[in-house]
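The whole structure should be built from the sequences, with the hints applied where relevant.
Protein sequences, first through last, are from chains Z and X. Here the first sequence is numbered in the working numbering, starting from 1263 and rising by one per residue. Here the second sequence is numbered in the working numbering, starting from 4 and rising by one per residue.
Hints were generated in silico from the structure; no laboratory data involved. For each residue, glycine too, the CB sits at the ideal point set by N, CA and C. Do not take every clue at face value.
Stated by the list, open to error - Label pairs and their in silico Cβ distance ranges: (1) Z/L1313 / X/T208: 31 to 41 Å; (2) Z/A1543 / X/D176: 46 to 56 Å; (3) Z/D1532 / X/A203: 48 to 58 Å; (4) X/A11 / Z/R1341: 48 to 58 Å; (5) Z/E1300 / X/E230: 46 to 56 Å; (6) X/T209 / Z/L1313: 29 to 39 Å; (7) X/D176 / Z/R1522: 36 to 46 Å.
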Amino acid sequence: MIDRADMMLPPSWYEASARRRLAALLDPGSFTEFLGPEARETSPHLGIFDLPVQFDDGIIVGKGRLDGSRVLVAAQEGRFMGGAFGEVHGAKLTGILRAARDNPALPVLILFDTGGVRLQEANAGEMAIAEIIRAAVEARLAGAKIIGLIGGRAGCYGGGGIVAACCSALAVTEQGRISVSGPEVIETNRGVEEFDSRDRPLVWRTMGGKHRYLLGSAAAFVEDTPAAFRAKAVELLAAAPGLSLDTLRAEQARLAERLRRFGHAKDAVDIWQALGINDAAALPGLETEDFLALAQKVRAGEVRR
Amino acid sequence: MTIDAILASLFPGGHDVGRADGLLMGSGRMEDGGAVTVIGVIDHTALGVDEALALSAHVLGSGTGPILVLVDSASQRMSKRDELLGLNEFLAHLAKCLVVADLNGRLTVGLLYGRSAAGAFIATALATRVLVALPGAEPTVMDLPSMARVTKLSLETLEAKAKSTPVFAPGLDNLAAMGAVHEMWDPHLPLSAQLATLLARGTDTTDRRGRLGAERAGRPKAAAIAERVHALALEDD
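The following block contains the structure:
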């Protein structure tokens, strides 16, 4: 007999909506939303392009419990304008991070699913990224932990990729992709020889969860299920590093070492081979368990940011 | 103004700002003898992993005193290599170095005197506490052809909107309307005096850009939304 709760859990994080992810991630019935759809805090700008608004502007923020302890959460809905940061969308996350700054005992979980700045309100979206970064650093200096969970359809691109790298730790799935310029933008600016955005394997190799985990960009690689993210979020909240001049110096050394070892690589396969993975071409096809067994032995420097 | 003219006007008493590969690194002396750490991305240089790492190393190694970030950059470098190596981490690292320095009492000032865009702008000028600009500064978020590709809107529509919509159009005034630019500097007056006035004012570390954006009507809702969420999150259940 399938346990009723399991039937309720969406099988795939990637397929689930932001609301379903939160419901499956947090302790059942523990979530309280701030400025939810009933508040109708929509974007003041989308009318310029005659675009439909959404009553939560594509991000759900609130508080709940994870394994019994209180957390603040923000979950982006990748299916509304690619989960992109607009004025209201970004301000909701800024408010959550400033609350964690003022009560550092409250960790923050960010469920990223974003193409970056919402280009229809580009200047407001870029300002939101700047304010989010500053609020995240303020919160982390005060001792708050910020964990990023990345496995959505829109990926974690542009300003979202920069915010992700300000978190205490990241958990990523194979479908999770992280970068600043997306494939289409690189191709538009530098041509298809630089980056063919239609080459799916290239996108996964360059920006996908397996590569990010091997490179040390993400502290954890998980299966594409809410249960896996939930377990890893609990673990990372206990283990995530603080932020100080010392951790910044350690991060400087870690990134310098990465350039020294892999700065001349032409493709992710070159990096994987340099890490000691003989059959690099088989890596994308490896099941999670086999991949993790291999990765634990070879992955680059542990994240110390 | 050329970068040499800017540096001379900022530091009439002398400076040792080095210039290589489109980057500035060094320090300048104020009239009161105090030292200012200087970094910069100039000559429309793109900010890639190598550049960001060099600038963050200089900030981390620069001890105490204010930090001045001079900006006339392209966007982040758009390449397979930079993304392969984790450009988001390098840009975030530079931004963290600047914000941590600022929160530790080293006033960080961004001086936008030329162009900048997207990830380069976020990791330098927008990562400072006070952003000032010289006339002619030209920040943008993304080039319109890329925007057309991503938004699936036609270039004509974007170009038309770009003429009339502060929240979307490139340019200094539009960004100022968002609350990003704290003040304009006058290129015909000594920049050293204008910097000294700013340093003497001793602003606190609070991020007021949301309120500025509301006052200037460019971002009518951001500050209020952030404050309401902040209050709700701190209510004890």
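Hint-by-hint comparison with the structure:
{"no.": "1", "hint": "Z/L1313 / X/T208: 31 to 41 Å", "in the structure": "holds (36 Å)"}
{"no.": "2", "hint": "Z/A1543 / X/D176: 46 to 56 Å", "in the structure": "holds (52 Å)"}
{"no.": "3", "hint": "Z/D1532 / X/A203: 48 to 58 Å", "in the structure": "holds (53 Å)"}
{"no.": "4", "hint": "X/A11 / Z/R1341: 48 to 58 Å", "in the structure": "holds (54 Å)"}
{"no.": "5", "hint": "Z/E1300 / X/E230: 46 to 56 Å", "in the structure": "violated (19 Å)"}
{"no.": "6", "hint": "X/T209 / Z/L1313: 29 to 39 Å", "in the structure": "holds (33 Å)"}
{"no.": "7", "hint": "X/D176 / Z/R1522: 36 to 46 Å", "in the structure": "holds (44 Å)"}
Consistency with the previously given hints fails for number 5 only.
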